[in-house]
Every structure is written in structure tokens, then in C-alpha cells.
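Protein chains: 2
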Amino acid sequence: MDETVLLGHGSGGTMMKRIIDEVFFSAYAGSELKQGNDAASLPTNPQGRLAFSTDSFVVTPHFFPGGDIGKLAICGTVNDVATSGALPKFISCGFILEEGFSVADLKRICASMAEMAEEAGVHIVTGDTKVVNRGHGDGVFINTSGIGFIPEGVDLSGAYCKPGDKILVTGTLGDHGITIMSCREELSFSADIQTDAAPLNHLIADVIAAAPATRCFRDPTRGGLASTLNELAEQSNIDFVVDEDAIPVKDAVRGACEMLGYDVYQVANEGKMVCVVPADQADAALAAMRANKYGADAAIIGEVVEKPADRDPRVSLRTGFGSLRIMDMLVGEQLPRIC
Amino acid sequence: MDETVLLGHGSGGTMMKRIIDEVFFSAYAGSELKQGNDAASLPTNPQGRLAFSTDSFVVTPHFFPGGDIGKLAICGTVNDVATSGALPKFISCGFILEEGFSVADLKRICASMAEMAEEAGVHIVTGDTKVVNRGHGDGVFINTSGIGFIPEGVDLSGAYCKPGDKILVTGTLGDHGITIMSCREELSFSADIQTDAAPLNHLIADVIAAAPATRCFRDPTRGGLASTLNELAEQSNIDFVVDEDAIPVKDAVRGACEMLGYDVYQVANEGKMVCVVPADQADAALAAMRANKYGADAAIIGEVVEKPADRDPRVSLRTGFGSLRIMDMLVGEQLPRIC
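Heads up: the protein sequence lines correspond to chains A and B, in order. Reading the first sequence from the start, the letters are residues 0 to 338 in numbering that gives the first Met the number 0. Reading the second sequence from the start, the letters are residues 0 to 338 in numbering that gives the first Met the number 0.
Excised from the complex, chain A in its bound form (with noise of 0.2 Å):
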């Protein structure tokens, strides 16, 4: 095998047909993928809908501490999939790759991959290979599409939060965003900051179990809690408050963030959930979330509110001294590529 892509692994021949033998296949094929269709035919949802979501993968560095593009690349789409109440089944991967990139890094991701997908309980069953020539890329960008099923009764939608309902994460906030930026600039504020990026599938059916009148799911990647709670506030056409103290945030990169000017609440997340829940059921999702290991430090962080009638929806912070500021979606661009 090559020592690095060239443009040739991109050609439709017998080039691509290598890199595909010798590093996607070997690494995560199962049945559908290795049939050689141009496109995999799989079993249909027996009741209820499909979900489906796609998200490509950028960041810079492709290694970090935690994890990798290939890992983000996995969970990121699981997770989406999983938000709408979705069992995730099936994985579509696009790889576009620069002239020059390590395969002995692309056999890495491509590992790391299979290692969450199997976590996950997923199919990598579709795949895609395109080489750009060098100064074209960034060594390796990932697409990822899913497919789930959605059981029948469930539906979930960012529309659905009600006065009265709880806000609940499932642990901490800003680590991810913090290893890639500390990682980028070669910071090292404690070795105990690494990415959250997880599967939490498995998670959200639990929670759904546990509380079965759950309104949402949503992952707070770039844009962070803020921008989430922003978005379901707008769609849901409601107010939100959130309780500062009530907000998990690791004290590394607490002071991390305050060091470099960050709000630590617009800090990329991959391996956290948003989740609106009605009041009565609020303990029993909490429960739940704690209940698995990716949910240790979950909590009640606020609540939906009545929005008075003549203004937007509104996203509002307690502070600890009990003052109550604007929680803003996030302008511009504070940390450009962490996903």
C-alpha cells in the first residue's frame, strides 16, 4: 500500500479500489459495504418514520486528546440522528482527501471509526472516496449521513418546549471546544481537559424510556448551549431561563475560557445533550441521564417560561448574584473548525 493519498486513490480504478480493500473496508466493512453497489439496500423501518441527518467533518487538528476527526465524525451524526427519538442504524461515509495525506493516519480515523460505530451499534454501509490535489484540502475532510428509525408514539421536536418544562444537560460544558483550541495553540491549561465527543444513543433511548413525555433532544456543538437554547427558544416561540450555578462546567476549563476571553456557554460540545423534559418527569430523564456513563454530571439547568406576547423569544441567564442577563446565540465565529 501507499505511503500517502495520491490523486489516483480518487480515480473510479484500480488505484481507489485498493484504498477502499485496504483501509476502509478492512477497517469497518461489513455485508452491505463490501457488496459493491453503487448503493446499499437495507431493511425498512417496520413502523413509525426515518430519521435523517448528514454533518461533515472539518477540524484541526485530526488528533487530539479523547479522540479524532474519524470518532467526531461517528458520534456527530449518531447523535443527530438520535435527537429526533431515532434508534440510529445505518451510516453513509464520504472521505475527501488532500494528495499527500498519511495513510497511516487515514487507517487511524478510519479505526477510530469502527470503534465508535460499533459502540454505537451502527452500520458504516455506503461509502465515497475523492482526492483533491495538495493545497486543495486540509488533509482529510469526513461527511456523514444517517439513517434511523424512529419508533412508533415517539416524536420529538425542538417546536414542542411548554411553560413549565425543565432544561436538563447531560454533564459538562465547553470541554471540547477547549481541547481543540488548546490543542491548536499548543496551550496546555490542565491534563484533565480532553473531548467529550461520545455516542449517547443509547442515553436518549433510556431517557425516552424513563420519561416518555420528553419534548427534545439537541446536541450543543458549534454555537454551544447557547446557541441551542437560542434555537429551541425560537422554535418553540417560548422563553428560557438557566440557572448559572446549575450549569456544569469543569473549573479547567472554566478558567481556560475566562483566561482567553471565551463564554464558556458559546464553547463547542460533542458529547452532551440539551433535553427538554415536563416538570413531573424531570427527575426521572435526570435518573436516567445519570444512569449512564456518559451522563454522570447531568443536570436541571433552568426552565421554559411564558414569553410576553410583543417581543422575540428570549434566552435568559441567572447569574449567581441572582441578576438575570441575555444569553446570545453566538455572532460570528469565536473557534473556527473545531468539528
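In case anyone wonders, no lab produced these hints; they're calculated from the structure. Honestly, I wouldn't trust all of these hints.
Since the list gives no way to pick out one identical chain from another, each pair is judged satisfied if it fits inside one copy or across any two copies.
PhoX-like cross-link-like pairs, simulated, lysine-lysine; straight-line CA separation at most 25 Å [said to hold, decoys possible]: (1) Lys306 / Lys292; (2) Lys161 / Lys106; (3) Lys306 / Lys161; (4) Lys292 / Lys33; (5) Lys249 / Lys292; (6) Lys161 / Lys33; (7) Lys33 / Lys306.
Dock chain B against chain A, hints included.
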């Protein structure tokens, strides 16, 4: 709206919301996309199986005679899904934009995608946008993934070819690859060379209706006819023989290939299908192709034959002089980034 793409357009915050609203939603948003959830919730296939395929598009230039990268992105995935015999239904769309890319060009590309999606009868239901720093991309890369519904009883595969089957193509070969090449090198061979990119799902459905025992479809994109035939021969573990005189190629394309030293059978197509059909249904399949506007130049180009047990599958070309020569799969890369 800004005139060029900025890093903030990929932030997850308000700038990203603006580009989504003003560019993507205004071009092609239906109700699913506008719901704004991370995964689209879609109806399932009531009977039969799902087809799932993915493709990334990195072609340069982005605009060329007869089409653009957006047209390829929709047609390519529609066609890949349709090769399984599925009726394509849902498309995801992931953009990787380079900082500084023209928003006007992006709008043109999205308009082209919307037009092709409408012709094909598919809905763009979920999407993602990433922005990479200047110098780390090439203007725009697009990934599309597609879901189709395979009707009950339809079962196509490249592994199903049998001795005696006829091999058909739906039209002239090499048009797309030579169009891109001419454009890139600023050659002008002839005014009538333009991309053949087209959504072929309706043509495929018509052929299956007319010739229900059809074995398979495969679109001869990267690697051209030669790579596609070799792939199918290998999947079915059998030999193929095709007749040079029967293979439709435009004079201008043949001339350009001769001048530049390309093998026209290895040049990419974006709106053609190779199809294998039992002999007794080949005329019906041909008539169905020719009745479609994208199949006017369809032809029966050869047949599937027994393979000696002691060697690997082989594709042979019967030349105009009656001799047989081996039609090899493309080795390496002759025309990078044609899709």
C-alpha cells in the same frame, strides 16, 4: 447578505443562521428542512427496502458547459440511489465552503440543485454547512446522500449478470469528462461538447417496468465504461464482450480523446447508465431507454459470456477489425476531479 463566505458562516451562530435562511432555504427548502431539527423525520417505505448512497463533489471548475457542481451533486446521488431500482425520495446536502467563496456563486449552485431536485422528484430534507479557512479548501465541496424506496419485488445487483445477457448503455460516452477537461485547459474542441449530467431515475423506472428481469444498472462515472464493466464482471465472476462499433461516442469527443491521448472508455460520464438485461428483454429495455429524453442514443453494446474457470473475470473489446483486446480498468488517474 455578505458577498463572500466568512468563517462565521460556519459558526453555528447568527451568521450561519443568516446564510442558511438567505441562501439554502430560499433556494430549496420544503417543510422538512424548515422545521430546523437536527434530523429530518420522514415517512418510511411501506413495502420493500431502502436504498442509501453518498457522494462528495469536488469538481473544478465549479461551472462548465451544460451544468455546474450543484447539478452534479443532485444528479449523481439520485442516479446512485436509482441504480438499486429504488425510487429516490430524500437528499441530504453537506457544504464545505472555503472562506472567501462568492455568495452569488453559491446561490447559483443552490438554484441549480433546486432545479435538478424538482426534475428528479426528490426533496432536500437535511443539511450541514462548514467553512474552512482560506487556502484549506477549493471554493465549494458538496456531499449529497440519498434515500430511496425499493419497490417490493425489485432486486438489482451487479452480482446478477449471467451468460447470454445483453449489455446496454443509455447514450454517448465521454461527454462529461471531456467537457471538464476542455474547460480546465481552455481548449475548445467543439461547441457541442457539454456535460451529460442528468437525473436518470425516471429512465431507470421505465426500463424496469419494460424489462422486469433487468439484472443491474451502474453509472459509468469516474473510471468510465471500462471501470464499470470490470466492476460488474468481477461482482458476477463472469466475462463481458463489447463491440467497439456499437458503443456510441460523439465525433467531437472521440476526436478530443485521440488528440489528448485519452481512452474514451475510461473517461467519466455523469448522465449515463450501463445496464445488463436478459437477452429476451433487451429490445424492450432499449425501446424504453430511447423513449426517454436522456436515452435517445441508447444502444446494445455487447453481451455477458461464460468465463473459463482457471482465470479472473475479463472484459474484452471487439474492435472494428474483429480482433479482441482486453478493456482494462483505469490505473491511476487521468482526469482528476471531474466530479
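Structure-based check of each hint:
1. Lys306 / Lys292: neither (36 Å within a copy, 55 Å between copies)
2. Lys161 / Lys106: Intra 47 Å, inter 37 Å, cutoff 25 Å: neither.
3. Lys306 / Lys161: within (10 Å within a copy, 68 Å between copies)
4. Lys292 / Lys33: Neither: 33 Å inside a copy, 34 Å across copies.
5. Lys249 / Lys292: within (17 Å within a copy, 62 Å between copies)
6. Lys161 / Lys33: Answer is between: at 20 Å across copies they meet the 25 Å cutoff, but 47 Å inside does not.
7. Lys33 / Lys306: between (53 Å within a copy, 22 Å between copies)
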